[in-house]
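S.K.: What follows is each chain in one-letter form.
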Amino acid sequence: MIYVVIVFLWVALLLYLVMGGADFGAGIIELFTSTKNKSRTRRIMYNAIGPIWEANHMWLIIAIVILFVGFPVIYATMSTYLHIPLTVMLMGIIARGTALTFRNYDAVHDNMQKVYNKIFVYSSFITPLFLGIIAGSAVSGRVDPQATNFLDAYIYSWLNWFSVAIGFFTVALCGFLAAIYLIGETDDDAERKGFIRKARIMNVAAVVAGSVVFIASVKEKIPLVQWVFGNIIGVAAVSAATISLIVLWYLIGKGKRYIIRVLAGFQMTMILLTTTYRHYPNIIILKNGGHLSLLADQGTEKTIQALGIALLAGSIFILPALIYLVWSFQQKPEQADGDVHGH
Amino acid sequence: MAARSQMALSLGFHIIFSCIGMVMPFFMAVSHFLWLRTGNPIYQNVTKAWSKGVAIFFATGAVSGTVLSFELGLLWPTFMKHAGPIFGMPFSLEGTAFFIEAIALGFFLYGWKRFNRWFHWFTGVVVGISGLLSGILVVAANAWMNSPTGFDLINGKYTNIDPVKAMFNPAWFSQALHMCVAAFAATGFAVAGVHALMVMRKQNINFHTKAFKIAAIFGVIAAILQPLSGDISAKMVAKRQPAKLAAMEAHFETKPYSPLIIGGIPDVKNKKVDYAIELPGMLSFMVHDDFKTPVKGLDTIPKRDQPPIAVTHYAFQIMVALGMLMMGLGVLYLIALWKKKSWFDKRWFLRLFVWATPVGFIAVEAGWTVTEVGRQPWIIQGVMRTADAVTPMPGIHYSFYLFTAVYFTLSLAVIFLLYRQIKMVPEIYDNPKPVKA
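Chains E and Z, in that order, are what the protein sequence lines are. Residue numbers for the first sequence follow our numbering, so the first one is 1 and each next one is one higher. Residue numbers for the second sequence follow our numbering, so the first one is 1 and each next one is one higher.
Below, in silico cross-link-like pairs of lysine to aspartate or glutamate (DMTMM-like), each with a Cα-Cα straight-line distance of 20 Å or less:
id, chain 1, residue 1, chain 2, residue 2
1, Z, 165, E, 301
2, E, 302, Z, 152
3, Z, 157, E, 301
Think of the hints as simulated: they come from the structure by calculation, not from any bench.
Let the hints inform the model, and build the full structure from the sequences given.
M.R.: Here it is as structure tokens:
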């Protein structure tokens, strides 16, 4: 049963990275869109993610619940030593979620819209940045339960070049995902070209940020190169991601909107696989060389049993409904329901 | 202390957002049903207007809930390390229920023209039911903190963990019932109050009267049933948490014919309550069903295990008083219905409901204070002290200031938004063509 739980945890993280990531990315794209195109981008984005955005963010809750029920020691360690980035991320989540809802449900359309937009785009940037920082910190070996002073325990646990580089890498990935997703959401040729250009920029940004991650890992003496390329799965996953990226760019001009989405999702899967495989079952690497492991630090058997059953039962209800939701709103992607905006 | 304040604040806000988010879908479903049955477009407009309220409250409830799921660990890592595996069951189910709610809401809000009308209505009902389920599950988790079961504590180690037993702890039913009924009463009165105000202002009278009636009937029925669930809850508290009950009643001395103390100012030093009304034997009767059997007083509880008496007592008195007020108003409403009196356009009648707008939520907050403060100094009743559970990180009060600022901003934003929604009712729903401002 523990493996069922671990798979759920991994899948929840992946789906959050892909679905939630595309969602954050939409805000990031908006941030980097010229003012005159902003409202069009916004409209396309809203039609695309509106119905499912609440669901996209549930994956984070699922992951966190799995952690605190099944792996309380890991949860407690993370929330103690990464308190500050987690708090910043939470602020981002609050600001983003409410700003998105408010701008759609404010009955009066006036200057407040500008405020909502500002909050929305900046929090769309900050939230995945800190999400990446948290993920980077988990494996950077800076979390130090033996630390005796505030800076070592609560600041340097996450504030280092490596974690921050991963943060920016995550942001670029989100932007890339969103651009790829939005390409398929518009029928207007000029708009599509715009999104393709955005996807290209984000792709370059991701490659740059990825390289910085490697450079930072050398600087911070984290054996990242060995982690990624020191095993067959890592090499295979990186190669598969690279090949699929080439295929994606080949297909993008041909207007294959579904295939490119699948390919982009595939790349995320490979990235997450590479980054988690080498450490598995370890999830947090501590400064003293020790680590917290999904297998060694799990909750009691009965809890894991119950959790696994709850997750399986839950997915029977959730998955079909979610798939139907996504499917039914894909049918007529361009038809907006007038009552939401009153336009 | 800052950690406690931050948690109390977060929960205090979350409880309001989520109560409304949990109950309003039911109002919406009723109005939607009436529209589908009668074809009266006013009901459709009411449904749409409410659905926007639901969307706003769902989003704020969802983000404040996400924050809480992290805050549990951010503020109480030691508590979560031990308690997580025991009382995590309802949380994992709650995740599922909440997920379903989010999906159903997606269908409902964006599906006005896409789906079969009754399927669309059904998704709205699912929003309500799954919301209610999440509420029950979360309260079940809180009930476990009041009546911990499903594990053995041997030499400081938590063993024999049984998460299912922990979920169905003795207090889960009474607490969940009391909370759900409270949510209906509070939201019913709050929503009804707002619409009553609009009727008084002679705006869209038809629209607001219909909305008022739907919301009020929910509130009224819940308010009248609430004392029953309160009685069940009180009996449970007496059995599992005598210290809490004693503090609620400011009941210092264990003796036969224990009195029910109403109001008053507890004088903790001299162990008496000044200026209170005492009804001899009534407390014994309420707890044990006879007038004689003594009820455990604070004298049986060591000083270091006593909750803050004054706060618990006042909060409890406020809750009961406001509950009674709402019940009275509820009876009045039923009389109006029964006698077919035309009170519904009388100003005094509407004014009563306008005044009652915040009453339900004040009672909810007071009740929440009773159960949380009344459990102190324990975070898990009789097992773990709150002081032992808190995060070791220094400077937590900065976090408290930050969250305070965020929640106040959020509340102001929600109020602002609702105000604008209501203000726009004439323009959106009266004209044949919607006007964009």
